[in-house]
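> Chains as they are written, first to last, in my numbering: chain U, 1 to 337; chain F, 1 to 326; chain X, 1 to 281.
Don't take each hint at face value.
[What the hints assert, rightly or not] Straight-line C-alpha distance at most 30 Å; calculated DSBU-like pairs for lysine-lysine:
#, chain 1, residue 1, chain 2, residue 2
1, X, LYS171, U, LYS304
2, F, LYS283, U, LYS155
3, F, LYS74, F, LYS7
4, U, LYS44, F, LYS264
5, F, LYS90, F, LYS74
6, X, LYS171, U, LYS81
7, F, LYS7, F, LYS264
8, U, LYS81, U, LYS44
9, F, LYS7, F, LYS90
None of these hints come from the bench; they were simulated from the model.
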Amino acid sequence: MSALLAIDNLVVTYRSSGTLSQWLSRQAAPRIRAVDGVSLQLFKGDSFGLVGESGCGKSTLGRAVFRLTPAASGTVLFDGKNVLTMSRRPLLEFRRRAQMVFQDPFGSLNPRLTVFETLSEVLEVHNVCPANQRRDRVLSLLQRVGLSAALADRKAHGLSGGQCQRVGIARALAVGAELIVADEPISALDVSIQAQILNLLGELQRQGDLTLLLIAHDLGVVRYLCQRVAVMYLGRIVEEGPVERVFDDPCHPYTQSLIEAIPRMSPDAGVPGQSIQGEPPNPRERPEGCPFHPRCPKAMPECKSGLPPSAREVRGRRVWCLLYPESTNAPQSGTIK
Amino acid sequence: MALLELKHLTVAFGKGDLTNPAVDDVSFAVDAGEVMGLVGESGSGKTVTCRAMLRLMPPGLHHRISGQAIFDGKDLLATSERELQSLYGKRIGMIFQNPSSYLDPLSSIGQQIAEPLIYHEGLSRRNARARAIELLRQVGIPDPRHNVDAFPHQFSGGMRQRAMIAAAVACQPDLLIADEPTTALDVTVQAQILRLLMELRDRTGLAIVLITHDLGVIAATCDTVAVMYAGRIMERATKGELIRHPRHPYTAGLIRSQPSRARKGRPMPSIEGQLPDVNSLPKGCRFHPRCAYAESLCRTGVVATEPAGPDHLVACVRWRELEFAA
Amino acid sequence: MSVAGTIAAAQQRWRRVPVVAGIGFAIILAWVVAALAAPWVAPFDPIAQDLSATLQPPGGSHWLGTDNFGRDVLSRIIWSARIDLQMGVFGVLFPFLIGTTIGALSGYAGGLIDTLLMRLLDVTMSFPFFVLIIAIVATLGPGLISFFIALALVGWVSYARLIRAQFLVMKEADFVLAARCLGYGHARIVFRHILPNAIMPAVVFSMSDAVIDILLGSSLSYLGLGIQPPTAEWGVMIAEGQTFIASAWWISFFPGLAIICLAIGFSMLADGFAEHFGISE
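For reference, chain U alone in the conformation it holds in the complex (with noise of 0.2 Å):
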């Protein structure tokens, strides 16, 4: 069985303004890698979740993907075909089955339009159904999404975060996606209302059969939901496995801080420990070697210097890290089932 989104190394780079002196000394501003050579596989059915806190570029890989930024390089293969040098109408086609979800749930509808319009627009470009069905379509979108009919006529200042972002997943859903990628989908949304939208996705995942890539920081969030994760770090993946052999037993040393940071809500919870020192790092920044070493408490010297880890497969999940022995068969790209 071939995946249904496989992709390789992929790189994305942004150019900043460089510094006055570089331009006078005729230096190519420096190229930003926020994604440095990802690789990732996503099969039919998949929940996968890609944790990771600012600057790692996880939101970056799933624009990438949708081509909504450009990649540097790299393949992004959906369905076989790469989706990055697709001419218009296989990147139709692709749109069609692949959509995204977006974490700001005002901002990710058109604030002039209606619900109504907003969805019965997707079903218009893309010629879903017959012209005079589409009413019919929208409300039962509506309902699949458990927005009440009456709310079709309200804009997006109508409706509280919530709403809107089932308006969202209802659009994906318009148009007939198969892979959905959900760009921190909750986390502007009210903790009570959080779990409301997980059910959704989760509910729709097991009935349509939909194929989930779950952008997030929250941790248990991705825990519920996926059945896979992959933890980044300044836009490579650290560690990469099934959930709960990752968060249960985390060997990356990047991965055990981000577990231990989590707050636990027990009753005799404390402040959460804290093995790692300073911030998420700046992407201008790149250390040589390892990337997370300068806030690594189990730096090596030999973690400093020459080019990143690469995979190890270790207890059932692939690491980047030198603490663990390189397996001579470790697949570098694909994954650990």
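Since chain U is already given, all that's left is putting chains F and X on it; use the hints.
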């Protein structure tokens, strides 16, 4: 005597309805050295409560405040402006969610930390600067001698928050009001900031009112917790008691809907419905439209706050009958 | 949005907007009605001379007096409203359309197109505004059409800047990204998604621009480069009355008052609009 005591604080907007004010009858007390968490979602009124108590409501917003906010024996709502000015920064410090909006982009970090020292404690510029460097070191900002002259835009989010904390505690206040101090920060940075706040409390006996929507943060740091919903306090207890034995359906719902408690493959428990519109608050218990246990009495009637145990108050008509598993 | 923010927004929306904008709108409406109904409202023919009643002060059958040719000042003012209103409306319309097109193209396409168009903008802006208008009108010959052409060539700049700025921001908005994600074509994205959301600042600006255009048109007429006598126009009337300022002040005074009145009307409308849209987000 409690350091800070709110008594029946009520805030009504506009010509409104004093019968159904936005923030209704909020009371709680904070002792010296205690960390009290005020938890609620948007529209819960937690920020309005704190702003009203400190008389920092946005100007131009018609509102009426009644009740008392007694700080060390003085009612903040009844003192003169001049007295308030002498309290803020000196005995009451404040930090907010988004440090970028609250730090002056045109002044150096050192100047902003030194300012309360010069204003309230009369330190000379040189001494204030030296104290600022020391404070930067205490809050964990690297290379304080150099960074004291840096500007806010040169700092990352976590560092800006630390700088704001330094400015807030510069004059060693007795009380710190922290309004969502870590909401905008990454989880590893959040852990650092929470640790810093706890260290400050341990070292100086600072009392903290921590406003947040994150139950995990509450569990990690607070001694007592007050849960707010739609402008009213639903439950108030010590942290352990609240998490082990919540008595109010909303509290129980909040705890249950944490992703960490969810079982995979099954729908997460969630609270039905929407947060109420502040312009049309429900009568009776404000949570009843979303409550699975609502009865006729909940929809009409005044809901009194009753003690459910030592140090445990709950505002629910049916608390005696309801039992929520931890 | 925070609780306080929602309430503040609701309170302010209903308190300030109608008053200012309402008054402004009423003033403009009054002038429009007067202008349209001129044949029935004006007591005299604006260019009819009555040499037996020259330089009459206000009062009697000539409510605002007569000028040195015996023409009724009031009637001339009413008829002139037609021209000055046109100056305000059409003087704004063409720069608005041209500027919006250029700004949208520039902001959306970016890259080389943006650079070229912005350089064009810089060049146009580097000439003093009034001097350029006067030069163009003088070259094309005085009159309303020349005035509109001149404005179209020069006045688009502010609109282009406003629209471009909005486009640059909105291009990155989530709902635009969502539209791209859905495979919508550029035309649809620009006209259906970005433009309706980007146009407000330009619309608000156009109202205060109308004021400037009315004043500019009147000034040109005053200088002899706009409307030519004997047609009635407020600027022309002021010019003609200049010689009689000491003896027959009303010839210049009332047209001046009319200009101020209409200008204030547009200004207040602009103010009300700006506040309303500044707050409603």
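> Is LYS7 of chain F close enough to LYS90 of chain F, meaning Cα to Cα at most 30 Å?
Holds, at roughly 23 Å.
> Between LYS90 of chain F and LYS74 of chain F, is the straight-line Cα distance small enough, at 30 Å or below?
15 Å, holds
> Tell me if the straight-line CA distance from LYS171 of chain X to LYS304 of chain U falls inside 30 Å.
The given pair, whose Cα atoms are some 40 Å apart, is violated under the 30 Å limit.
> Are the Cα atoms of LYS44 of chain U and LYS264 of chain F separated by 30 Å or less?
19 Å, holds
> Is LYS171 of chain X close enough to LYS81 of chain U, meaning Cα to Cα at most 30 Å?
The hint holds at about 28 Å.
> Take a quick look at whether LYS74 of chain F and LYS7 of chain F sit within 30 Å of each other, Cα to Cα.
12 Å, holds
> Are the Cα positions of LYS7 of chain F and LYS264 of chain F separated by 30 Å at most?
44 Å, violated
> Is the Cα-Cα distance between LYS283 of chain F and LYS155 of chain U 30 Å or less?
Roughly 28 Å separates the two Cα atoms, so the pair holds.
> Take the C-alpha atoms of LYS81 of chain U and LYS44 of chain U, compute the straight-line distance between them, and say whether it is at most 30 Å.
15 Å, holds
Checked against the numbered hints above, the structure violates hints 1, 7; every other hint is satisfied.
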